[in-house]
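With the hints as a guide, dock the two chains, each given alone in a separate frame, to form the complex.
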Amino acid sequence: DAGVTQSPTHLIKTRGQQVTLRCSPKSGHDTVSWYQQALGQGPQFIFQYYEEEERQRGNFPDRFSGHQFPNYSSELNVNALLLGDSALYLCASSSANLMNTEAFFGQGTRLTVV
Amino acid sequence: AQSVTQLGSHVSVSEGALVLLRCNYSSSVPPYLFWYVQYPNQGLQLLLKYTTGATLVKGINGFEAEFKKSETSFHLTKPSAHMSDAAEYFCAVTSGNSGYALNFGKGTSLLVTP
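Those protein sequences? They're chains W and F, same order as listed.
Residue numbers for the first sequence, in the numbering used here: 4 to 117.
Residue numbers for the second sequence, in the numbering used here: 236 to 349.
Just chain F, same shape as in the assembly (with noise of 0.2 angstroms):
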C-alpha cells in the first residue's frame, strides 16, 4: 500500500513570502499524485495532479509542483503568499496498490501573516 507524509502540520508564512508545504510519499508502483487545498467548512479542491510526463505541474492560484521520483517527493510551492492562500492542504497519492482510493495525508495547515 501507499501512503503520504507531510512534514508540518502547521507553517506560517508573511505575505509575499515563498510558499513551500513539504509531502513525501512511499508507493512500489509509479504513483499519481494530487494536491488539494480545503477552506473553512468547504469540501476539497484541487489544485494540481502528477500523473506521467512533465516532473513540474503547475496548478491553479500560482501553485506547482514537482515530483522527484530520486527523493519520493512531491513538495507544492508558490513564490508569493496571499492572504486568501490561508487554508489546510492535503498532498494525496493513489496507484495500482490502492486502485481507485485516494490515500491523503494529514494535511498542512497555511497561515499567511500581514
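The shape of chain W in the complex, shown without the other chains (with noise of 0.2 angstroms):
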C-alpha cells in the first residue's frame, strides 16, 4: 500500500503565478483534505472532498480551489500566488462518512513563493 501520495515534493514559484498541487489517496479512502502548514506552525484546513465535491471549506479565500476525480484523486489549485502562500501543503485520506475516522496524511509538497 504507497498511502496518500502528493506531487511534486518541492516547488518554486513568482508572485502572481498560479500553481496546482496533486494528490493520490489511500487505497480505499473516498475523501480528501487539504492543509496548509505555515513555517512553524500547525496545519490549517483549506478544505474538503467528497464524491467529487466540496464538503467544508475553512477560512481560505477564493484563490485556493479544489477538485476531486472520479478515482477519488484531488488537486489544489492556487491563484494568484502570494509570498504568504509559502508553505507546506498536506493532502490526507480517510474512508466513510465518518468525523472520528482516522486520517493519513502524505509527506506534503514545499511551495516558495518568491
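To be clear, the hints were calculated from the coordinates, so they are not data collected in a lab.
Take these hints with a grain of salt, some might be off.
Think about it this way: if two alpha-carbon atoms lie no more than 27 angstroms apart in a straight line, the pair counts; the simulated DSS-like pairs of lysine-lysine are [claimed, not checked]:
{"no.": "1", "chain 1": "F", "residue 1": "Lys-284", "chain 2": "W", "residue 2": "Lys-29"}
{"no.": "2", "chain 1": "F", "residue 1": "Lys-304", "chain 2": "F", "residue 2": "Lys-341"}
{"no.": "3", "chain 1": "W", "residue 1": "Lys-29", "chain 2": "F", "residue 2": "Lys-293"}
Just so it is clear, the structure is predicted and the values come from calculations on it, not from any experiment.
Following this line, the structure appears as C-alpha cells:
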C-alpha cells in the first residue's frame, strides 16, 4: 500500500503565478482534505472533498480551489500567488462518512513563492 | 468552533525520562481528540485518538493520553523517552462544530538529550 502520495515534493513559483498540487489517497479511501502548514505552525484546514464535491471549507480565500476526480485523487489550485502562500501543503485521506475516522497524511508539497 | 492549545512550544527531556506534552481543548460539544507526530520533512503520523469510551488511550511507540473532560485536557505521556522520539507533536480536535476539519494546535517540539 503506497499510502497517500503527493506531487511534486517541492515547488518554487513567482508571485502572481498559479500552482496545482496533486494528491492520490490511500487505497480504499474516498475523502481527501487539504491543509496548509506555515513554518513553525500547526496545519490549517483548507477544504475537504467527498464524492467529487467540496464538503467543507476553512477560512481561505477563493484563490484556493480544488477538485476531486472519479478515482478519488485530488488537486489543489492556488491562483495569484502571494509570498504568504509559501508553506507545506498536506493532503490527508480518510474513508467513510465519519468524523472520527483516522486521517492519513502524505509527505506534503513544499511551496516557495518568490 | 473548537480549538486546541498546546502549552510549551519546546520541551526538552533526558533520554529515559518521562515525556509529558500538554494539550487543552475548547469545544461546546463532545470532542474527538488526536495526537499526531511529525518528523523533519515528513507528513503527519497518528499516534493515538480518543472518540468515545475509555478515557485512557494507548497509541503507538509507547505513547498514551488521558481524556479529562473536567479539565478539558488530553495530555500526551510516555514513561521513558527515546532519542527517536525527538519530533514535532500536534494535538488536534474535531467535533460537530467543525464538521470534518481537524483543528490543530501550534505544536510542541520535543528534544531528547543523551
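Now for the hints, and whether the structure bears them out:
With a C-alpha separation of about 19 angstroms, the suggested pair Lys-284 (chain F) and Lys-29 (chain W) falls inside the 27 angstroms cut-off, and the hint holds. With a C-alpha separation of about 21 angstroms, the suggested pairing of Lys-304 (chain F) with Lys-341 (chain F) holds against the 27 angstroms cut-off. Proximity of Lys-29 (chain W) to Lys-293 (chain F) is assessed by CA-CA distance (about 24 angstroms); at most 27 angstroms being required, the pair is judged to hold.
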